[in-house]
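Asks: Next come the chains, spelled out residue by residue.
Number of protein chains: 2
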Amino acid sequence: MAHDGRESVPLAEYLFSRLRQLGVGAIHGVPGDYNLELLDYVEPAGLLWVGNANELNAAYATDGYARIKGIGALITTYGVGELSAINAIAGAFAERAPVVHIVGTPRRDAQDGRKMIHHTLGDGDYSHFSRMYEHVTVAQVNLLDPRTAPKQIDAVLEQCLLQSRPVYIQVPVDTVGVPVLADGLKSEIQLHRFLPTPAHDAAVAEVMDRIYGAKHPVILVDGETRPLGLMQDVQKLIETTRWPTFTTTFGTGLVDMSSPNILGIYEGAFADPETKALIDGADLVLFFGPHESSTNSYSWTALPSPAVTISFTFGGIKTGSTFHRDVSPSSLLSRVLTQLDTTKLLEIDTSTAQISRNTSLSFSQVSSSAPIKQDKVWRLLSKFLREGDILLGETGTAGYGVREMVLPRYTRLFAPVTWLSIGYMLPAAQGAALAQRELIASSQYHGLKAGRTILLIGDGSFQMTVQELSTIIAHDLPVIILLINNDGYTIERCIHGLRQKYNDIPKWRYLNAPAFFGAAEGNGFTGAARTYGELEKVLGEEGLNNGNLTGLKMVEVFMDREDAPIGPLTDILEKQMARSK
Amino acid sequence: MAHDGRESVPLAEYLFSRLRQLGVGAIHGVPGDYNLELLDYVEPAGLLWVGNANELNAAYATDGYARIKGIGALITTYGVGELSAINAIAGAFAERAPVVHIVGTPRRDAQDGRKMIHHTLGDGDYSHFSRMYEHVTVAQVNLLDPRTAPKQIDAVLEQCLLQSRPVYIQVPVDTVGVPVLADGLKSEIQLHRFLPTPAHDAAVAEVMDRIYGAKHPVILVDGETRPLGLMQDVQKLIETTRWPTFTTTFGTGLVDMSSPNILGIYEGAFADPETKALIDGADLVLFFGPHESSTNSYSWTALPSPAVTISFTFGGIKTGSTFHRDVSPSSLLSRVLTQLDTTKLLEIDTSTAQISRNTSLSFSQVSSSAPIKQDKVWRLLSKFLREGDILLGETGTAGYGVREMVLPRYTRLFAPVTWLSIGYMLPAAQGAALAQRELIASSQYHGLKAGRTILLIGDGSFQMTVQELSTIIAHDLPVIILLINNDGYTIERCIHGLRQKYNDIPKWRYLNAPAFFGAAEGNGFTGAARTYGELEKVLGEEGLNNGNLTGLKMVEVFMDREDAPIGPLTDILEKQMARSK
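Protein chains in written order, with full-length UniProt numbering: chain A, 1 to 581; chain B, 1 to 581.
No wet-lab data here; the hints were simulated from the structure. Only a predicted model underlies this, so the values are computations on that prediction, with no experimental measurement involved. Warning: the hint list may mix true and false statements.
For chains that are exact copies, the list does not tell them apart, and a pair is met inside one copy or across any two.
As a list, the in silico BS3-like pairs of lysine-lysine whose alpha-carbon atoms are at most 25 Å apart [stated by the list, open to error]:
#1 K318 / K115
#2 K373 / K344
#3 K575 / K115
#4 K115 / K276
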């Protein structure tokens, strides 16, 4: 109770209650001496404490969790902890993962006194690290004053959700337990994604006109469809219009890839001629959540012509060269769906389109004694996927290979987009698997009762963050890892230094990993494959596919060091190979 | 050849030649697409490429290497690589390790064009990461212009050496091979540590007077003695004066700890009364390389009274309240040693001082069936040490325990000082061991023909950066790891959350590590001990002590989770235990 009769709670309880209200079920992080008091409040708030092996991994995991759950939270300690995590937070910023990064900081009197305590640079300046974080977070707050803390917390969380980017909260160790007013907790944070503006009606009218007038319309779904909160409505639009639809890599899996009119990833310069003609001939491209990085747009060759494009972006709606600022993409799309008179729409039969879609391949179509090659393996692996899987293709050959796979309904895809920090995907798989489990437990996972998280990763990336296998094991998460052992950094070999030693890595005994990291005897599964026959056998093993999905399962898949999926990687690899002949 | 007949070399060759001249023998780092061209020049320059498992580890290793070798160099890639390393660079800044951090960056036209390429934040601003680095490096340069690059390189390297702190060099991928003038390479970089000033003679005179007038003199050796380049002269002073000498934790091992008048670490509030009386009664404290962080100074209780102290610091010489700016500590000390008339010095027989020095303990003094406890184990381990060992005690119980050990001649110690980033010591051991091997190979290691690097580390820290075992194995470095398995973050338990789950960690099968990380069959050594008898046995094993020192050797030492070395940790642990009863 505050003295005027209003209710109060400890500051940390306020913060964690807010996170809980927003859908956070677990907090990732690592204990450190400036955050221990904070950690006392995590489990009492009904949150699971994950406890990762290090802070970079914890932040990667939080990012993976946030992309599935819509928000994630991370706790590190001042200086050493937060700086270890900053690369992952930069990635979350670049690719719009809504991560709340909470840092336990030294007591306020130490800060005020500019004391030369540990975890500082020794110059009395306690603001170095928060100033670094200004570059990679959209809002920052230092909870020095309990009187203002609740509103400050709410304000940064709102930014996190609206912009779907990381925010940064410093909690001095001596404010953790200080009472703050609890009033705010009675109602959830209200997000104002929809603020009607004078421009809104005009924009809706223009979009409707363009839709009704389209003779060659295309829908293009990119990755910011997720942070914009458009996934469901875009799916509805795809189903309603039945118009030809493509995704970018980043957009893949945000809509149901088994929808009959979703024709695959648009690969720009690498697309087949029919697809290219279809996009180039479009008089309307509805472009949702554009994210125009080189990797995601095949070096900008996969971007539609601005003249025919209506883009749904964080800044507003772009129609040709007009930018309707402050028009909410979600409210506009929702209005469009409500008003849409389908009888006025152009009917297009995409089933007859001459577009080469992704197709899976059967083991009967390959020689069982042949070594596993990148030109076929991804299509073969397609058949291993199930509805509701989360599929992660780490930067490297896997990140390109997954683009060839046929994704069942409700599968989500993580693939290289912009940040491309190798090592990201393994901890991200941990976070994503945990988010998936929470959604299943609360019956929010498409009605599915089980789900798997499947990580395709090269050996070089695997070595970066390998210890997070231990977190997967400790929390008994249903993660399947297909480890591509191709003897080093093959993606770098494609770019430069084909046979240079610096692209080699030490050879590990990879399948020893589950035992080393503490898997219970008889739990989990390991297997290996060098040929298609061996791969077929191991993918069919009971231990990999049984009903009890929990526990780490690992298959080591050997491939050649100078082999890459068809597409951009093979193009540059062939140049390297020609040069080194 | 430049067009005017002056010789030229590719920019990268200039940079690496300079590093080679300065004593760098190996470069740590991780390949990435913006640094591959740069890596082409590493081995041709006569430098070993280490190739770590990730960038944080690479930077930690470079720091360890630099503290032994006097300079170290690291190569990462733009964005993802450099940000992964920034926590380690902050530690090198805080504790003055001279690390040259070279970052391969995107082509200049991509930067000028503000392209949204991968490894950027997508906002066209390429300066985010260099601005972060301004906080933790003493000089930064972006080699955009080959005409000025050689002088720019020289200028930042000079700062690195003079301040013994990290510097930051960006190399756009398209300047790597551009010719630059080679003239500079003909002569080595001249460091002007000694610049005579008018104040210099006055300061020398004052110091000499104080030395001759001292009735109760004490020498105190702190850790910045190393970066100040004073190690040899301070040792000379200790031997010449035979005055009572103490070290701080940071200063331990920078001078010969077996010198008869070195009485141990001065622990301030935790010192025995005789030591405390000796320091408090001093009328002169010659304080070399002060580093006044809380951890290193036992919360500032181990700092001598300024009134009687002459401090040799980076800023100059402090005598009482007078600060002689721009007086070089090394030149001043060298002048003092030259002028010193030892007959005028007070003679002190330290052998009769009632100071309880560190003593080793024999296994015959403990019960062989008793479990291993923190109150005795460190003194027992003392006998395992040899001349020339590098000993690392990771932050945690080990970092306190090593302070109790008796260090033979030419041993160097790494212990918690200021940054205290757990996970640091394992990669630092890799770097230190490599530096040690290079010094031995070039006959610069005290005439010793072999050396070992011994890491004492807790299980929580070990999990943070475990993959660097693979680098130790791949480079066949003589590293011995004593892993303290005490079931979690015991140092955090001491501080807060004694029995909270967040201080637990997953249980690994630690001794599987060498096999997992690729050790050749029959190479290396593993063993375990739960009792003193088992510890005695394993420490005596031929495989741990044999002539061929190369390869990773690991001993798992089990200790209680609520047990800490006597001193500050036990003090706070006992408070936690009393509270949780």
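Asks: Hints numbered earlier in the text: which of these fail when held up against the supplied structure?
Replies: 2
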